[in-house]
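Participant: Each chain, letter by letter, is given below.
There are 2 protein chains.
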Amino acid sequence: MIIVKIGGGKSINIKGIIQDLSSLNEKFIIVHGANALRDEIAQKLGQPKKVVTSASGYSSVFSDDSALDVMMMTYAGLKNKRIVELCQRYGINAVGLSGLDGKIIQGRRNKGIRIKENGKLKIVRDFSGKPKTVNGHLLNLLLDNGYVPLLCVPIIDEHNFAINSENDDIINILQDVVKADKILQFIEAPGFLDDAHDPDSLVKQICQRELKQREEQVSGRMKRKMLALKKLFESGAHKVIISDGRIENPVINALNGGGTTIQ
Amino acid sequence: MIIVKIGGGKSINIKGIIQDLSSLNEKFIIVHGANALRDEIAQKLGQPKKVVTSASGYSSVFSDDSALDVMMMTYAGLKNKRIVELCQRYGINAVGLSGLDGKIIQGRRNKGIRIKENGKLKIVRDFSGKPKTVNGHLLNLLLDNGYVPLLCVPIIDEHNFAINSENDDIINILQDVVKADKILQFIEAPGFLDDAHDPDSLVKQICQRELKQREEQVSGRMKRKMLALKKLFESGAHKVIISDGRIENPVINALNGGGTTIQ
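Same order as they appear, the protein sequences are chains A and B. With this note's numbering as the guide, the letters of the first sequence map in order to residues 1 to 263. With this note's numbering as the guide, the letters of the second sequence map in order to residues 264 to 526.
To be clear, the hints were calculated from the coordinates, so they are not data collected in a lab. Quick caveat: nothing in here was measured; it's all calculated off a predicted structure. Cβ atoms here follow ideal geometry from the backbone N, Cα and C, with glycine treated the same way. Hints may contain errors.
Stated by the list, open to error - If you only want the chain B side, here are some residues facing chain A, beta carbon under 7 Å, derived:
| hint | residue |
| --- | --- |
| 1 | LYS307 |
| 2 | LEU308 |
| 3 | MET336 |
| 4 | GLY340 |
| 5 | LEU341 |
| 6 | LYS344 |
| 7 | VAL347 |
| 8 | GLU348 |
| 9 | GLN351 |
| 10 | ARG352 |
| 11 | ASN356 |
| 12 | GLY359 |
| 13 | GLY365 |
| 14 | ASN423 |
Model the full structure from these sequences, guided by the hints.
Facilitator: Take a look at the structure:
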């Protein structure tokens, strides 16, 4: 079993990934992003991303009801269905699902963010949260019957509301259930870079105990990814490959030693 | 087994329909539209509906690649996932699928439309077609395991491309597979009207052999609906109720003699 995570960047070669996957003799699950598409459509609809800054100085995306609408349109709608179509063209019988469908990814909504407004502290709460459980019954029902689950956000919260969530966290709880041998993550870079600004500084191997140190080395989304990776190994992952999703044969390259291998 | 068709008009009370369905003790499948939402989003994105007029004078919607994009966003994305969320809130474990997913609705692409351009005849071909087969294996796998399929366009053509299709035709091929006892169709009118402009002219009962005559009486989309109904009875339907989807309890009303019953 392989878990494949496809980043939501504009230059990811999704066709190449799907074509490569169609030649494998292993079962797999795909989790995909769509952030570039989301931002583009949100802009066109006149609903640009909202960002709030917490009282303690951290900024985060604020997912209100209309942001969730755009997420459904772009992740679960356009992106998911175009990938399903591509899969079908390459003989992969994909079934595209958001976390809401059959409650396949259930989570817990965040309590809210403490912000300062006109000098006063207040709590604002959006539709975002952490994935907690997988509907393994539905997931295995599909896998055992020859279907390939193609998953994306939103997921469903404890009161059956749609919420946004991080794909890295979704991968973690999927791993708890499917115990994949390999987890492939396709990003818009050659892999983990020693210097984020130097594409030639690819780190070929990272061992599990190095993750803590690497986490301190990086910033932004990469920091969150390192933290998620640490948890992934706690969930029993043996091998994670973070590799270039922009090249001609992303999966074949990753399986033949491309990118960064963490084990 | 009940097949429920929810029209894509703006004033359909989807919450009322889902709430009613959650109290039934029968299995059901839902097929939904989203035309009002599609038109609204297409307008906002600056991609209004394209219409072509055939050489013989008929106008029809032209579903090009970008129209399919908008269809995926609105039908399979926003509308489908918001209904799944609503279903989950009422305890219905819905799984939202387009016809592409698991090839659950397969069809054949139309050959093209003959148009006259600058005095010359030419054929233009869009992404639309007729549904031909249902993946009964996947449909029954979900139904037998307690999931409620919530279906929408696009469907998948013979070369694995996404195509637009009529929901009335999709209902017909679903009926071939599931042999529903009742088919409920919720529209933005009290039912079939003797005079399309008079909401008080509801026809309570239509017998199957009257359908031909009614087809000649009406025009536009209603004509197509009458034709689809004739075929539905040829597919073994026993009872179809066309009823008001705008009221407080649309399903309870339809099951208690509301709307137009065709049998």
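Participant: Against which earlier hints does the structure fall short, listed by number upward?
Facilitator: none
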